[in-house]
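Peer 1: These protein sequence lines are chains P and R, in that order.
Taking this note's numbering, I'd label the letters of the first sequence as residues 1 to 179.
Taking this note's numbering, I'd label the letters of the second sequence as residues 1001 to 1179.
Derived from the structure by calculation, the hints contain no laboratory data.
Here are a few chain R residues that face chain P, going by a calculated C-beta distance under 7 Å:
no., residue
1, ARG1027
2, PRO1051
3, VAL1053
4, GLY1143
5, ALA1160
6, ILE1161
7, GLN1163
Over the 10 Å line for every Cβ pair with chain R, so calculated as not near, a few chain P residues:
no., residue
8, ILE54
9, VAL59
10, THR73
11, SER84
12, ILE88
13, ALA93
14, THR95
15, LEU105
16, THR108
17, THR127
18, PRO153
19, THR159
Pulled a few chain P residues facing chain R out of the computed Cβ check, cut under 8 Å:
no., residue
20, LEU14
21, PRO16
22, MET17
23, GLY19
24, ILE29
25, ARG30
26, THR36
27, LEU37
28, VAL66
29, ALA100
30, ASN101
31, PRO179
C-beta: ideal position from N, C-alpha, C; glycine also.
So you can see what is in the structure, the chains are spelled out below.
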Amino acid sequence: MTYSRLPDHSKMMLMPMLGTGDDLSTVAIRVLGGGTLASSALATDRAVYVPINIPRPLVAKRMWYVVGATGGTNTIQLGIYTESGSQIVATTATTVGTAANLVHLDITDTTLTPGSYYLAVVLNGTTATILRWGLQTTPLGRLVVLHQAAARPLPATATFAASNDNIVPYIGITTTASP
Amino acid sequence: MTYTPGAFQLYNDAVIGPMSRCSIAPRLGALNFTTPVDALWPTANLAFYIPFVLERTVTVYQVGWVNAATAVTGTHEAGVYDSLGSKIISGAAAGSGLSAVQVVNVTDTVLSAGQYWIAMVNTSTVGHVWAWAPTAPQAASLGVLTEATAGTLPTTATMAISQTSAFIPICFLQMRATL
Chain P
1 MTYSRLPDHS
11 KMMLMPMLGT
21 GDDLSTVAIR
31 VLGGGTLASS
41 ALATDRAVYV
51 PINIPRPLVA
61 KRMWYVVGAT
71 GGTNTIQLGI
81 YTESGSQIVA
91 TTATTVGTAA
101 NLVHLDITDT
111 TLTPGSYYLA
121 VVLNGTTATI
131 LRWGLQTTPL
141 GRLVVLHQAA
151 ARPLPATATF
161 AASNDNIVPY
171 IGITTTASP
Chain R
1001 MTYTPGAFQL
1011 YNDAVIGPMS
1021 RCSIAPRLGA
1031 LNFTTPVDAL
1041 WPTANLAFYI
1051 PFVLERTVTV
1061 YQVGWVNAAT
1071 AVTGTHEAGV
1081 YDSLGSKIIS
1091 GAAAGSGLSA
1101 VQVVNVTDTV
1111 LSAGQYWIAM
1121 VNTSTVGHVW
1131 AWAPTAPQAA
1141 SLGVLTEATA
1151 GTLPTTATMA
1161 ISQTSAFIPI
1171 CFLQMRATL
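Full structure from sequences and hints, please.
Peer 2: See the structure below:
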């Protein structure tokens, strides 16, 4: 018997904006007391790698983040890494921008096949803030994200280390070129 | 024994809207905006476009929204657009019934698997509906886009990012002829 009713997932589409909080990481964030988003700086030059699951093939065209209560002149860089830590694509380092704005940064159009990836973010100072979840207590970040000190610009190969705080950045991928 | 597979269904929602897992609900929950509010339509004639993904073919019989407990003045219109912003179907009616779900019949319309936008507009500056009120620009970060219209959903949408919008209306497509 030929079973022909299973959908062809390779042809299915995804939401235009994917991000941390969409899938498996949602569960961890919620049950670890993530609550609502808040503004905070990230440690200078420390990359934070947030896991994300891509269930269908997609073409990533931009990455996004949300500026927190304080914008400013610090620079931010976002990137996408394989599960083993190889950089797939990254934005150029860009001034964080205006407070309380959603910001898209262009990347080279990049096809991602289904699998697990890390979205990375690094800033060069602690003046500017971005939106992020703050888990219930400090060490819980170790259960969700990975860190790397002195990782600006984002390295070609990540050297993952355990998180020592409770911050989960709110960042993502966009599959459209605009708006 | 002969195995006769049933129709493959990834979900069987009677209605689809922003509260659906095929739309923004997972991340809306991750952002902890889990409770809708009785909300004033923020700007007359401002349309909202909320992304969702169908993984199987459905037939839309009705569109609807949820009137609030306060004034429900103005003409409401809800509809669906394809991924490129072309209107497929919509239905409009004067707001009627406090704290009531209001539905409008539309031409039975088949939607195949793919990405779409559910849209809603209200002509009134004092009309209330049930909605989520995420802190701006978090609605934009969910992929919710807006457009200043002439009071009706346009044939071709010109969607834009709003950095200040804090409103996501509860609107829906109904996949059953009667409920």
